[in-house]
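Colleague: So you can see what is in the structure, the chains are spelled out below.
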Amino acid sequence: MTASPPHRIAVDDELTIITAAEYNRRLAAALSDGAPVEVCLAGVTDLDTAGLQVLLHARREAHRLGRTVTFRDLNEVVRDTLAVAHLDGVLDGTAQTVTGRSEA
Amino acid sequence: MMSLGEDLGQALGTFVIEARELLQDIEDGLIALEDDPAADETVNALFRAVHTLKGSAGLFGLDHLVEFTHVVETVLGLVREGALGVSPGLVSAVLPCADHIAAIVEGVAAGQTQASPSQVRAGEDLLAGLRPFLSADTAQTRPAGSVPGPPAETGPARPDVAWELSLRFGPDSLRNGMDPLAFLRYLGTMGSVTRVTTDVDALPEADGMDPETCYLGFEVHLVTDAPKAEIENVFEFVREDGDIRIVAADDQTDSYVQRIQSLPESERVGDILVRSGAVTEAEIARALRIQQERSAGYAEPPVRIGEVLVEENIVGQPIVEAALGKQRGTVEARFHDTQTIRIDASRLDKLIDLVGELVVAQASTGMRPAAAGQGGALQAESEVMRLVDEVRHSALALRMVPIGTTLRRFERVIRDVSMDLGKEVALVVTGGDAEMDKALVERIGDPLLHLVRNSLDHGIEPPEERVRRGKRARGTLRLNAFHDAGSVVIEVIDDGRGLDRERILAKAAERGLVAPGAVLSDQDVYGLIFEPGFSTAESVSSISGRGVGMDVVHRSVTELRGSIEIDSTPGVGTTMRIRLPLTLAIIDGFLVGVGESSFIIPLDRVTECVELPAGPADRDCMYLRGEVLPFIRLRSLFDIPGEPARRQSVVVIEQSGQRTGLVVDSLMGEVQTVIKPLGPLFSSLNCVSGSTILGNGEVALILDVGPLVAGHGERERLRVAG
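Line order of the protein sequences matches chains A and B. Residue numbers for the first sequence, in our numbering: 1 to 104. Residue numbers for the second sequence, in our numbering: 105 to 826.
Chain A with its partners taken away, still in its complex shape (with noise of 0.2 angstroms):
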């Protein structure tokens, strides 16, 4: 495997259900051919529960298929809403609270 360069998506807008699938499916194309993918998280102005399932997905697909995803520039709308859910830290790699066998 080659160390293609990173793929980058900006966040710019809301993530939440309106923009989900959108999201959804620009990590995962992004996922499929191996290259590290960046995510940046600075210009997020709004996050919701489809919003987090997006990120989470991502996160753990690029662990089962052996891809990275790293998230970057979490902003406060995101910090808020991951200490919302106790899930700081899960992101940005310094803590992993989310349960689940796949997570193993």
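None of these hints come from the bench; they were simulated from the model. Hints are all accurate, no fakes.
Footprint (simulated), chain B over chain A, 3 or more residues, beta carbon under 8 angstroms:
id : stretch
1  : 17 to 29
2  : 53 to 66
3  : 84 to 92
Each residue gets a CB set at the ideal place from its N, CA and C atoms; glycine is no exception.
Please build the complex by placing chain B on the supplied structure of chain A, with the hints as guidance.
Modeller: Just chain B now, with coordinates in the frame of chain A:
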């Protein structure tokens, strides 16, 4: 005053009976309070009893009773609320009120539906005595620590409780605008969300994911003072589609179990759980639905609601168990309540009578020569016999009541009497559950009362004397009852000074009851105190010592076909032992025949049977093992015609230590017979206590041995004189 109508009278009769029982409870409760002023349960029971009494009195429009009882209830209510402490003064003020209520109730029983002027005066005096306690609720400061806090369910300051929320939202909840994270945020405003675990297990792999479907689940640990129902309401709109469970956190189990235990009992587990706050109404409804679904179509018994609740993870096993325990307690209490039923004694007597006749009818078929070879018929008959026997036993059992109530009634007597006498006496009742015939229980009350008073008066020493003798200042009077070989034994045991043998003997000699210098066994000496007119007490008190009492006791006990014995050790104490038959309705008898007639002698009086030695027809005594045995010829006593049998027998009976023979033609053996009282026409007969019908349909008279023997000497004197 007016007399009551017939119908009302009947209902009122029930009221009077109930009221008497309640008054007994009240009295017991008050005395128990004196011993243990902190007993909440006693206070509650007391209050309930007074309250019930007032309520029933109100139903009958007995205003004078209601008014008076109301004040007593108010005082007890203050005690119950903790506003008024229990003191000896309080008990002493309320006890006479209970007496007054009893007097009013008895007045009602006698048809008096309004207070008499004397009752009104007495009532006013008593209420005046209660007034200081009534003002306590405003004047007296509440004793520290005795004020019960508001119930946990209603008070504004509920303690924080930890909950485990398991949130699985419906797949469409995101599309429906329900954002689980929003719920989490809201939970944060209700209390503190100390832990959230996100469950991503449901997230499908790869392309299988529909971003608009909710896959995430959350396990939330929430600490809040909000009741469970309130938490539940948060999820009201998502509950239907998802799976929302709210369970008390494990470390809260104990506090729920405790709360359940402090709850009033209820018939339904669900109610208990809901009231404890561990489960909400909605959860119970859901569990009931599941329960119904599961048991639909199955013949087997439905799943228990508690099991459903645990399986559905609505509530923890220990909490359900605690609730079940509470329910069980209820069931047991109810069961206990129905253990006693009020039965009209005359109906019961009739049943026993009928069964007795059934026994007779059945026995008469047995007496007919059974057709040879009809084994089946014989077997059927023996089965009938067994059944009839069982019926008779169970019918008799209806009459059996525990003696405890009667024994406990002496609490009050002992309290009052020992106060009068300046003695300290504790009552200990043991064996109160021993059962005996209701009629016996009622009739033994007075004799027992005499014995108890006698023990208090003569037996137990004043405190100073007890201390001088190295005993505890507080004497003990023990009432003990037990079953012993077909009879019931009631003991009155005191730890007093014991009977003074020498003084009894001296007194008896002085009264001419025994020859001076006679040698008597201890038992015989003690028995002397039951002689009429015998009293050794040097001072005549209001309690006893008038020489009436003990002989009355003896007579009453004997009339009940019982006996009484005394054990006594000087300085240590005295035991008075009354032995009574279990029932008055049945006796073990010895059947004898004279000519065409049959007689039954109570078996417990028969000591032996011997053949009548040959001799002149008019003699009335014989030698039995070197002693003279006077005998009574039943044939001549009852003027039975016909020639005596060639070989007559003598049944030796013993009464009050005196042996007498009864000459009969034939001995027919032991029978257990149902006593049928003689009609009023024969009430003047004093040698016959009743009759019974024999298996062959004939009537046999039951001999009353006491008067028979006692009257014999009298008759002989008359005969010789005449």
